[in-house]
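Novice: So you can see what is in the structure, the chains are spelled out below.
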Amino acid sequence: MSGHPFVRAALAATVFWAMAPEARALDPGYAATYAYDTTGAGLDLGVQPLGYPSGMFSSIMARDQTLRHALERLGLGLRLHPYLKGFDMIDLVDGARLEGALLGDMPTILTAVANEVAIIGMVKQTFSSVVAREFGQIGELKGKRIGNAAGSSAHHALLRGLRSAGLSEMDVTLVAVDVGDMPAALAAGTIDAFAAWEPAPSIALRGGSQFKVIYRGVSTDYFVLARSFLLRHPEAAREVIASFVRALNWMGSSREALLQSCEWAMADGTAFIGKPQNTTAEQAAAIVRREILEVASAPVIPRRGAGGQEMLESEFLFLRELGKIPADTQWSRVAASFSRDLLLEVLEKPGRYRLAGFDYSPTVSSAAPR
Amino acid sequence: MALSFGLLFSAALLLLEWVQLFGLPLIGFPGAIEERRQNTVQMLNRLADFKKDQLTRWLSERRANTRLMSANQQVAAALREAKTALAAIPADRSAEAVAKTLTAMPSILAAQRYMEEIRTGYQVFSSIQLLDAKSGRVLVSTPSGLSVGADLSRLPLLERAREVGQREVIVHQGGAVPILSIVRQITEPTPDGGASLLGLMIFQFDLNQIITSSASDDAQSLGRTGKVLVVGADGTALARSPDAVREAGAAIPPDSRLPIGGNEGVASSTGAAGQPVMAAYRYIHIAPDMGWGLVVSQDEAEFLAPVNRAALRWFGFSGLVLGAVLLLTGVVARRLTLPIRSLSDAAQRVHGGDFNARAQPVAPGELGVLVGIFNQMVERVGKAHHSLERLVEDRTRNLTGEIASRVEAETRALRLLTEKEALLSNSMVGIYMTERRVFTVCNRHLEVMLGYEPGEMIGQRADIAYPTEELCREHSQSLYQSLLRKGRAECDLLLRRKDGSTFWAYISGHPMDPGDPKGVSIWMMIDISARKAAEDALAQSEERYKEIVEGTNAVVTAVDAEGRFLFVNEAAARIFGLTSEQCAGRLAFDFVHPDDRLGTIEAFRRWVAEGRANIEHENRQISVDGKVSHLLWTIRTHFGPDGAPLRFTSIARDTTELRKAQTTLRLTQYSVDNAGEAVCWMTADLAILYANKAAGLLSGVSLSHEDGSPLAGLIGNEPAQQWRDVFTALAPGETTTFEARITPAHGKAVEVEVTASKVTFDGYERNCVFFRDIRVRKETEERLIRTNTELEQFAFIASHDLREPLRMVKLYVALLERRMERHLDTDTREFMGFVVDSASRMDSLINDLLEYSRTGRNVTPPGPVDLQAAFASVMTYLRGPLEECGGAIELESRLPTVTGDEGEMVRLFQNLIGNAIKYRSPQQALRIVVAADSADGYWRVSISDNGIGISPEYREKIFRVFQRLHAPGAHGGGTGIGLAICKKIIEHRGGNIRVESEPGRGATFIFTLPMAVPADQLV
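Listed in order, the protein sequences are those of chains A and B.
Numbers -12 to 357, taken from the numbering used here, label the letters of the first sequence in order.
Numbers 3 to 1021, taken from the numbering used here, label the letters of the second sequence in order.
It cannot be assumed that every hint is accurate.
[Claimed, not checked] Cross-link-like lysine-lysine pairs, in silico, BS3-like; alpha carbons within 27 Å at most: (1) A:Lys336 to B:Lys959; (2) A:Lys336 to B:Lys136; (3) B:Lys812 to B:Lys54; (4) B:Lys548 to B:Lys500.
It should be emphasised that the hints constitute simulated quantities derived from the structure, not laboratory data.
Using the sequences and the hints, build the whole thing.
Specialist: Rendered as structure tokens:
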């Protein structure tokens, strides 16, 4: 039943309208002109160039000649579509418009609720932060204006933080601000705090000692593929996963490779929003090291029962309790989306999938047509 | 009034304390509690970040270690050989047998040496084991690990560790010794480019090592109640510092749950004992499926303790101040009202007839003059009244005696006269006979009486003896009628002698023929002029007596033998509540107070029985309307011839007010006798008239009232001479206070504070002293001065010694930063920046503290300082900042020359003008005005600006050390010690400093300095 297109559309609409009002008010004009392949010969991936290290993965994959050649052999073309935040992709990862996406934890859950997807690997494991000016505890945010990216993992961290202080969204004023603009908005005083993922918190903290991180919540990013794409093109999916693992291996292979990947990501981000990133490659590299390279066994998704998925499950329950997810939705629906086998298959055959063979072109070879 | 003031003052103090504790959120003043909380939050956050970084780095290093070791070729070779050997050993062989086989293999022994070297070299591993991936048997183990050959194939961990892609698995295990295990895969490449799993290497670590390694540092930062706790996914403690016995099954406290689920932040929570704590919590990623919670907490009671102690000290101080203000207000009020009350009481007593009443003398002043005049007036009125009363009393007594004696004399005279008449009837009485009113016979005595020569009267008409014809006719007619009716006639007549003088005479006669009254009659005449004169005098005397008795305020009564009033004058009637007429006939004892009645009756009976003529008796009288009066009676008993009392005459004085005054006097005397302060009255020659008990105790001399002994015996010769000089210099009515040292009889010198007054009583000059022992106060003052000096020295030395380590901290952090520049990440640079910033700020604080402690410790003697020059000197380096901000400064008048230290005065102007520049208003151009004038022997210098101003509640606070009204970085920063130094400089030079300001209306700092300080008083 849940696999019926009508049901999926209904679930997506429910999830969208259950989110914060400012999310509905935000006109996603930047994505309105994106052209998705509808012929079945294209592989459209949604990426977030402004999020680190998610942006590094997408930038490397966009330049991965090995992947490009492999997909060409399978008759597929790879196209990457940039988004400001994962929430903008929730109802798009249906195999018809986007075949895959790099998403934060909350968008991953919402996407898994709304669509038939497979969560195939971990992109990062880090924190989303609530950064404030002059405040010491999150309880002091009552009545304040907080910059927020609705439906994002940072949004989830903010909700959890507010809950820990006995507050809710009703006690604060959520202001829709693009993640890249949040540090400037905080410095200008148009907002009193913001919730965001890296690099926005690091940029804000460099603005002065009056800016403080008053709460952090664990957040993880995942690589999600549409289940229909997996069924149609399982080998192409493995190649995409191999490219993803290869990117991780390449970034961990040398300092130069890591810095290169950071510069590519920053360039792609600049191209996306039209203004330079307020960070350096060194700073971006530090974020990547901390959030993925130093995470043991990444990108393998932990199995259920070992404590790995419980955190995501508690997030699911929390969102359901807040009404962000329909009340009759069960965790089992999301749990069923975890697909470790595909990644393990790739890892078992490192030679076959050239996990240690790096062939990247300096220019983007997989940009999406506009 | 005093109470209202006290309450208002108390409310103001409490409000001040409330603001100090809880702040004024509307204007951004956080208050001490919030400030303390914020500081603690900051400290906990920094420590938690540091701990997390420490743990993360430790874990990262250990992972790097394990990655390196698991790639060792000796290990891989051992695994390969062991794999072959194990394949040849049956699966059911015992562990000992397997171990025997393995330990005989050179490659296994080489691997074992390598692993043991690693373990002992790094000293961080509890144990290291090498496992065969397939069989799960231990191939190599360090001595502290499992035995070789042991089968671990059923270990759940092994299944995960064997999984493809799980190059590394990390698990932890709680308990008394918490263990962290890192399991790494050891693979070898396969021909198809893949990798084949050879074995697993297990590294184990003691978690407590890393947590407790910095326990002493933690204790320094976190205090007694602070703790650092590492918790697992469910909140149970894995390790903690300081270490404590973990009770199995103990409930997980709320603060340990904070990081569960991957949260980081800081929150107020509850500790294990249910106590409120402030906790910073962090989440440390260990593996995708595992993380640790880190909780750094401190009990609220501990970090708020300084604030609570300060609040307690403040409340105590407020209470003391309040008590002192109330006491002072009470004393001042009493000093004002006591003389007025005394005056009022004395006036009422005088009004009631007590002319001995006097108002209590007070210190010189308007009240003193008023009291003096009043007492003099009462003195005069009292004397006049006393004289009058004595006069009346004497006169009454005289009159009473005179009347009694006159009555007796007259009675005697009458008796004599009667006897004389009897005699005159024979020879000495004028005898004559008339016929038809013509003298026919006259004896010689008659002729003598009328002044005629013998026989001269014969034949003359009787009319010649009458002074006037009218009297002659009147008497002749009267005598005729009497002779006609009664047959005889007698009367007193005023007669005229021959020489025209008149005299009273008594005549008596009868006709020889009763039927012919006009015929021959015989008459007798007696000269009664003397009796008539006595009778007139008696009448006049009685009249005067009555006037006196009725007019006096003294109570006068006469009572008959039965005790009934014969006479009651008006004063007595007023006492009895009736009129004189109403009193007549009533029993006198009915007006005696019931409590005194029986006693009085008994006394009267006794006195009568004893035959006492004059009695003095005092008793209470009661009027018909119940009013009670004390009367002192003087009673005279009049006895009859038989010795029985005939009547009692009495005079009494109303002593009611006198008795009240006596009671008051006794109370006053008792209070003075037993007062804690020594009191001594002396003559002008300093002979002691009176000294109370305290004076005796202080001097060690037993004294009595009107002792008369010299003052020297009380306080010693030398002090007595000093006091004599003081009294000599005092004018009557003046009072002075001074401190002196007395040497009493017991020989031990005592320091006293003396209040000496000179007054005049009854025309005599009297000296009065109050003196109290001030030894304890003196000792306290000296101790305070000593303590302050020691504190200043301590601050100076401590500040000096503290700066050196700080310089080292900054120096070595800078060196570290330079050397590790290429290796430092952003967080580390940020942390090092915090260290340098904190050290710099602490250096500034200590530097200012040093400056503060130096103030007033100048070794050079003070001298004249031209403030104009000091001002000019300051402006040479403040003119730049002033012009930068577009400000202007105006010197309104020339600044004076004062006594002090030039450096201090420069610092004073630098701080005050510098503050005016720092706290200028962004809305208008800065304008500073400096002016000086003088008043009451002081120079007064003011520095006014049009800056942001200061709220009234902070006018005192800004002069305290390290008190800032703004955020540390605002308005150019600073430590908040500048104004404290200004205050210390000014007060050190005998002046004072204050500020007048309103928010948004600028501020005026005003300081005063003495105009001229004698050289010997220069500090």
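Novice: None of the hints should be skipped; say for each whether it holds.
Specialist: Structure-based check of all given hints:
With a C-alpha separation of about 75 Å, the suggested pair Lys336 (chain A) and Lys959 (chain B) falls outside the 27 Å cut-off, and the hint is violated. For a cut-off of 27 Å, the pair hint linking Lys336 (chain A) to Lys136 (chain B) stands: about 20 Å separates their Cα positions. Proposed proximity of Lys812 (chain B) and Lys54 (chain B) is supported: the alpha carbons are some 24 Å apart, at most 27 Å. Annotation: proposed proximity of Lys548 (chain B) to Lys500 (chain B) is violated, straight-line Cα distance about 40 Å (limit 27 Å).
Comparing the model with each earlier hint shows violations of hints 1 and 4; every other hint is respected.
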